[in-house]
Structure formats: C-alpha cells, structure tokens
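Protein chains in written order, with the UniProt record's numbering: chain U, 1 to 338; chain F, 1 to 338.
Misleading hints may appear alongside valid ones.
It does not matter which identical chain is meant; a pair holds if it fits inside one copy or across any two.
Heads up, simulated SDA-like pairs for lysine to any residue below, C-alpha to C-alpha not over 25 Å straight-line [stated by the list, open to error]: (1) Lys93 x Thr146; (2) Lys93 x Ala63; (3) Lys93 x Phe257; (4) Lys93 x His115; (5) Lys93 x Asp62; (6) Lys93 x Gly294; (7) Lys93 x Gly116; (8) Lys93 x Phe218; (9) Lys93 x Arg291; (10) Lys93 x Leu154; (11) Lys93 x Glu157; (12) Lys93 x Gln158; (13) Lys93 x Gly68; (14) Lys93 x Gly164; (15) Lys93 x Ala169; (16) Lys93 x Arg292; (17) Lys93 x Pro290; (18) Lys93 x Gly130.
In short, the hints are calculated from the structure, not lab data. Source: prediction; values computed, not measured.
2 protein chains.
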Amino acid sequence: MATILLTGATGYIASHTWLALQAAGFEVVGVDDFSNSSPVVLERLHELGGRPPVFERADVCDAAAMEGVFQRHRIDATVHFAAFKAVGESTAKPLEYYANNLGGLLNVCRTMRRHGCTRFVFSSSATVYGDPESLPIREDARLTATNPYGQTKLVGEQILRDLGAADPAWQTACLRYFNPVGAHESGRIGEDPRGTPNNLMPYVTQVAVGRREFLQVFGDDYPTPDGTGVRDYIHVCDLADGHVAALRRLLDAPGSFTVNLGTGRGHSVLEVVTAFARASGRPVPYRIVPRRPGDVAACWADPSQAQSLLGWQARHGLERMCTDSWRWQQNNPRGFEA
Amino acid sequence: MATILLTGATGYIASHTWLALQAAGFEVVGVDDFSNSSPVVLERLHELGGRPPVFERADVCDAAAMEGVFQRHRIDATVHFAAFKAVGESTAKPLEYYANNLGGLLNVCRTMRRHGCTRFVFSSSATVYGDPESLPIREDARLTATNPYGQTKLVGEQILRDLGAADPAWQTACLRYFNPVGAHESGRIGEDPRGTPNNLMPYVTQVAVGRREFLQVFGDDYPTPDGTGVRDYIHVCDLADGHVAALRRLLDAPGSFTVNLGTGRGHSVLEVVTAFARASGRPVPYRIVPRRPGDVAACWADPSQAQSLLGWQARHGLERMCTDSWRWQQNNPRGFEA
Numbered sequence: 001m002a003t004i005l006l007t008g009a010t011g012y013i014a015s016h017t018w019l020a021l022q023a024a025g026f027e028v029v030g031v032d033d034f035s036n037s038s039p040v041v042l043e044r045l046h047e048l049g050g051r052p053p054v055f056e057r058a059d060v061c062d063a064a065a066m067e068g069v070f071q072r073h074r075i076d077a078t079v080h081f082a083a084f085k086a087v088g089e090s091t092a093k094p095l096e097y098y099a100n101n102l103g104g105l106l107n108v109c110r111t112m113r114r115h116g117c118t119r120f121v122f123s124s125s126a127t128v129y130g131d132p133e134s135l136p137i138r139e140d141a142r143l144t145a146t147n148p149y150g151q152t153k154l155v156g157e158q159i160l161r162d163l164g165a166a167d168p169a170w171q172t173a174c175l176r177y178f179n180p181v182g183a184h185e186s187g188r189i190g191e192d193p194r195g196t197p198n199n200l201m202p203y204v205t206q207v208a209v210g211r212r213e214f215l216q217v218f219g220d221d222y223p224t225p226d227g228t229g230v231r232d233y234i235h236v237c238d239l240a241d242g243h244v245a246a247l248r249r250l251l252d253a254p255g256s257f258t259v260n261l262g263t264g265r266g267h268s269v270l271e272v273v274t275a276f277a278r279a280s281g282r283p284v285p286y287r288i289v290p291r292r293p294g295d296v297a298a299c300w301a302d303p304s305q306a307q308s309l310l311g312w313q314a315r316h317g318l319e320r321m322c323t324d325s326w327r328w329q330q331n332n333p334r335g336f337e338a
Numbered sequence: 001m002a003t004i005l006l007t008g009a010t011g012y013i014a015s016h017t018w019l020a021l022q023a024a025g026f027e028v029v030g031v032d033d034f035s036n037s038s039p040v041v042l043e044r045l046h047e048l049g050g051r052p053p054v055f056e057r058a059d060v061c062d063a064a065a066m067e068g069v070f071q072r073h074r075i076d077a078t079v080h081f082a083a084f085k086a087v088g089e090s091t092a093k094p095l096e097y098y099a100n101n102l103g104g105l106l107n108v109c110r111t112m113r114r115h116g117c118t119r120f121v122f123s124s125s126a127t128v129y130g131d132p133e134s135l136p137i138r139e140d141a142r143l144t145a146t147n148p149y150g151q152t153k154l155v156g157e158q159i160l161r162d163l164g165a166a167d168p169a170w171q172t173a174c175l176r177y178f179n180p181v182g183a184h185e186s187g188r189i190g191e192d193p194r195g196t197p198n199n200l201m202p203y204v205t206q207v208a209v210g211r212r213e214f215l216q217v218f219g220d221d222y223p224t225p226d227g228t229g230v231r232d233y234i235h236v237c238d239l240a241d242g243h244v245a246a247l248r249r250l251l252d253a254p255g256s257f258t259v260n261l262g263t264g265r266g267h268s269v270l271e272v273v274t275a276f277a278r279a280s281g282r283p284v285p286y287r288i289v290p291r292r293p294g295d296v297a298a299c300w301a302d303p304s305q306a307q308s309l310l311g312w313q314a315r316h317g318l319e320r321m322c323t324d325s326w327r328w329q330q331n332n333p334r335g336f337e338a
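Whole structure, please, built from the sequences with the hints as guidance.
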C-alpha cells in the first residue's frame, strides 16, 4: 500500500486525515515542527491508531531536514498541510507568512522531485474566492486574495499549476477547504487553537466549557436571513475522507485537479450557536460586535465536482458537528495541554 | 552620503545603476553570486568608477550570507535586482523561479528588518501588465501574469504592499521596467546574455557582429503599423538614473510608490532593425518566424507618474540606444568573456 507523507501532521485537519488514511490502509509518515500544534497529538494517534505513529520532527522550510525525511522513507505522495493559517496575523506578519507558506511548499516540492515523487495534495482554502460573485461557489469562480494568508494559498495553487505545465509527471490536487469543524468521534483529538480562537466553533466550545465569558458575533447586519455571516461548515472527518479520496484518485488516474471540499449548505453564526447549545445542553451567551474587516457575508460551496471526480461527499450535518466538537472540548477543556 | 546595497549587482541594469549611484555621490555595496553574470564586470566598474568596487559574493537566498553583508556594512537602502529573468526558462523551471525570486526577496527583506533598514527598491517589470487593455499603460492598469517569471514580479510587488501595510516604517518603490537596451557610452559594460538572447537588441547586435547568421522576427502579422511587435525601449542609462531618482525620493520623503520606467514611445521590431543597421553601418539580415506564445502585440508606458513623482524622464532616443549597444558589442564581441 502507498506511503503518504503528511506535513503539518499534528495539526487539526492533518491529524484526522492521518487516522482516515490509516483506516483506508495507507502507510503514513508525519512531519511537524510543533510550531502550532502539540506533541500530545502523537500519543492520541498511537492510542486511536493502535500503533506508534511514524513521525519526524522537522520544519518544512528546512531543506536538509526534508531531504533526510525522503532518504529515510519511500514516499509515494505528499499531503502538504504545513502552513501558517491566521488571517489577522498574516496581515501583521506578511514576510513570515510568505516565507513559511511558500518557502515550505517550494522546499517540499523540490525535495520530492529529487526523489521522483510527484504526487501532491495541497491544502488550499475557500479564501481564494474572496468575496464571491455568486453562490454556491464553483471551482471556476474568479479567484482573489484579500490578505497575505489568502495570497499564499492563491500563489501556492498557481505554483502547482505551473509545475504541472512544466512537467506532466506532476499530478497535483488543490483542495479548497470550506469551514472545518467537529472532531474525531472518540473525543481524543480535535481543534486546539493557541490563544484567542480565530474561528467560530472553537470559540463557541470555549464559551460553553467556561473558558470564555461570551461569544463575540462579528456583525448582525449582513444581507443574510438573520443578519449574521453564513459559512459552509464541514465536519473534519468528512474533510479527512476527502483527502483519502483525492489521494486514491491521484495514485490511480492521470491528471491534476482542484475541488471544493464543502457540504454545499450554509449556516449562519446564530444557527451554529443554537445548534451547539442544543447539542451540548449549555448556554452560549453572545454579544453582537462590529463586523471584522475582510469578512464576507456568505460563502458556501458547490461540492458537485468532488462528488463526480472523487466520488466524495460530506456525510455529517450540523448537529453531528456540534456533538463531536462538544465531546472533544468537554473531555479536553484545555485542549492538549496536560 | 547614503550607502546603497545592490543585489544582483553585476547584472546588466544593476551595473549601470552602480555607476549612476556613484556619480550621484552614493556609496554602493554590491552583492552577486555570478549565477548569471561575470566577475569581469567588477574590473570594468573599477576602471569606470575610479576606485575598487565594494563587493561581496553571495546568494541572496542564503540567510547567513546576507546577514553577514548587513553586519559588515551599514546599509541605508537596498535596490533588489537579483532575480532570474528568462520568461521561457521560467515556464520550464517554475520551482526554481519562485524559489529564487521570491525566496531572495523575502530573505533580503527579513535581513534588512533585523538591521532596521526599511527602504527598498524592487526591480519589477512591464510584464505585470500582461496583454494591456489600453495604451499607453498607466500604473493603475489591470495586473496579470502569463508565466512564472511574471508571477514572481506580481507577487513580489504584492509582498511589498503587504509589508508596507503591516509596518509603515517600510518605504518601498516598485519600478516597472519597460525594455532596457543600450549600454554605457564607454562601451565597457553592457548586456551580455548567456546562450541565445531572449531579447531583441542583444540578438540584433550579435547578428551585426557576426556571432549569429540572422535575426528571427517573431511574427509580422500583429495589429501594429508594420505587423511586428511594438515595445517601449529605454536606454539602460536612463533606467539607471531612474533608480537614482527613486532612491532620492525614498530617502527624502515618506511613502511608497510604483512607477513605470519607460520612454512613452513604442518602436516596432523592424524600426529597431532599421535604426540599428543605420547606427552600426552593418546589415541585419532577418527572417520572419511564427509568433512566440505569450508575446503581446504592443506595449508602451505612460511615464508621466515617474516625471511628476521623481522628476525623472528618459533622455535618450532610439538612435543613441543603437549606437551605444553597437559600441559595446563591437568592443566586446564575446561580452565579458576573456
């Protein structure tokens, strides 16, 4: 069975993908530098996977370190999760975002090429659609970026297109994630943001578990049914399965592709709050505060291309997303901290 | 007087800018790795400048090397010329282009920041206008890239905009070069492309000097007066003066800016051939061959912004460009080769 390298392997989406790949019979080699994740994830993966994870601590921007990884392991394909991902931080630290996100991508690709490994899955994002012109969003929509984080995703995709045009041996998949939430049903791994969460669900769960007093809802005057922002939330385990499907396709059939990974359904902030309160039995006090600059009113995917190309579709609904997020947060009120 | 770091300092435009900066009273520190230039340039700069050039051999992507340069010299501003620049090659080697051009830019900026140096001139290109919607081209025209080289210029500009937005201490100038030709009037330095020239003028001069049998004219069915492509050729010494003007502005006044450096006049391939044959007294046999993919029909600058902002405008016309190109080629039939 094929061996898959996961970069940024102990992050939120990557750790769930690791389990999904193992369940599907793949061998996995994980790499992370723990710059934004915890080594405790490896213990949990051992526990859930039934065997010690194959892991190397390394920075994807470190050429010698990545060369070593490829010398020690025969890698068939890479899923490149490793990247900085906070929009606001990217505006404050653009050099760090460009250097880490593009430098890491380029270094991994160049190392792969030296080892004849040319199958690559890239963690892209719905952020490349900017403020969408129409909904649902198809993959051929206009692309734009409104901050350095988004630029690194946009340029990352472009690099992979240029790479495929230069050398058809490269088969690449750009997966445009919508809004991942939820957690593994075991409640042993999940999203564990450092500092103030940038995303809605971890904020909601931290309020419910008593770590924060109330939720800030950024704007209630958007042109949406209840005035709050609408997003396409997708269960992280569905997202993980999307990676398995993408890898199967890359390994079995020629060609590169770009697909949305979303459910095709939009939920407003207040819908999520209500669903979460119901699922957890806890109140989620919130306050309406001004809009955040750069936030769009509404965004949801047309996921039909992933369905037709990969035979993949999201299976879990909002209730399950909330139940699993809550189980993770309740069992790990301070995340992976001891 | 201020000390200016030139990266890619022994290249064509940089070497002419070096002399112009010295003539204007600046101290210059040059850095190059000779990956696409000759150390002989330094001897010529010594001869023309009347003193040994201050130079360090270093790769701009090498963090330790650039740190050393900034430790040994107190730099007030950087002109970042260092980059790969062949459009066709960029399509074949996208990873190398992104890694070198963006990695170099990011490494230089991060090194500068550590040393409190935040004035930066970036070698951009008219290539960021893609196929222009109207002529002459103003700086606020739509930007696009049609190849990895162009992408690195487009993204490089974006990185600098993001950097300025994140930290107003940064003052940056993006100089969008049109088509540099000509050479220093001494005939001692000039353009010396390796392999087959990608640009018109060195091809023409190599034909005239007998290194090549005939000129290939790529297409004579463009919607231009004589059917051949029209470009805004600018004398490299005018371009060098544009850098001096940009640096003066960055050092004297707050703010960042982006300006075209062109003459505002377009000349067709056949006009250049005719002018060159007249200036050199040599015939320039040519053959019409098919269009090159990606070439646009016509492109010339609106240079008024550089005039109003920097008080700069190009002084030399096509005849002088041809005379100086020819003097350089005739005196150095094999460029800087011994």
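Hints versus structure:
1. For a Cα distance limit of 25 Å, the shortest separation of Lys93 from Thr146 inside one copy, 14 Å, qualifies, whereas the shortest one across copies, 28 Å, does not.
2. Taking identical chains as interchangeable, the C-alpha atoms of Lys93 and Ala63 lie at most 25 Å apart whether they share a chain (23 Å) or sit on different chains (18 Å).
3. For the homomeric pair Lys93 and Phe257, the shortest alpha-carbon distance between copies (21 Å) is at most 25 Å, but the shortest distance inside one copy (31 Å) is not.
4. When the C-alpha separation of Lys93 and His115 is checked against a cutoff of 25 Å, the pair qualifies only between copies, where the shortest distance is 17 Å, while the shortest distance within a copy is 33 Å.
5. Taking identical chains as interchangeable, the C-alpha atoms of Lys93 and Asp62 lie at most 25 Å apart whether they share a chain (20 Å) or sit on different chains (21 Å).
6. With identical chains, the CA atoms of Lys93 and Gly294 are at most 25 Å apart within one copy only, with a shortest distance of 16 Å there and 35 Å across copies.
7. Within a single copy, Lys93 and Gly116 get their C-alpha atoms only as close as 34 Å, which misses the 25 Å cut-off; across copies the closest is 16 Å, which meets it.
8. In this homomeric assembly, Lys93 and Phe218 come within 25 Å of each other (Cα to Cα) only inside a single copy, at 23 Å, whereas the closest approach across copies is 44 Å.
9. With identical chains, the CA atoms of Lys93 and Arg291 are at most 25 Å apart within one copy only, with a shortest distance of 22 Å there and 43 Å across copies.
10. In this assembly of identical chains, the alpha carbons of Lys93 and Leu154 lie at most 25 Å apart whether taken from the same copy (17 Å) or from different copies (19 Å).
11. Taking the shortest alpha-carbon separations for Lys93 and Glu157, both the intra-copy value of 21 Å and the inter-copy value of 16 Å come in at or below 25 Å.
12. In this homomeric assembly, Lys93 and Gln158 come within 25 Å of each other (Cα to Cα) both inside a single copy, at 22 Å, and across copies, at 14 Å.
13. For the identical chains of this complex, Lys93 and Gly68 are inter-copy neighbours only, at 24 Å across copies versus 29 Å inside a copy, given an alpha-carbon limit of 25 Å.
14. With identical chains, the CA atoms of Lys93 and Gly164 are at most 25 Å apart between copies only, with a shortest distance of 11 Å across copies and 30 Å within one.
15. With identical chains, the CA atoms of Lys93 and Ala169 are at most 25 Å apart between copies only, with a shortest distance of 14 Å across copies and 35 Å within one.
16. Taking the closest pair of Cα atoms, Lys93 and Arg292 come within 25 Å of each other only inside a single copy of the chain (18 Å); across copies the shortest separation is 40 Å, beyond that limit.
17. Taking the shortest alpha-carbon separations for Lys93 and Pro290, only the intra-copy value of 24 Å comes in at or below 25 Å, while the best inter-copy value is 46 Å.
18. Only within a single protomer do Lys93 and Gly130 lie at most 25 Å apart by alpha-carbon distance; the minimum there is 20 Å, versus 29 Å between protomers.
Going through the hint list in order, the structure satisfies each hint without exception.
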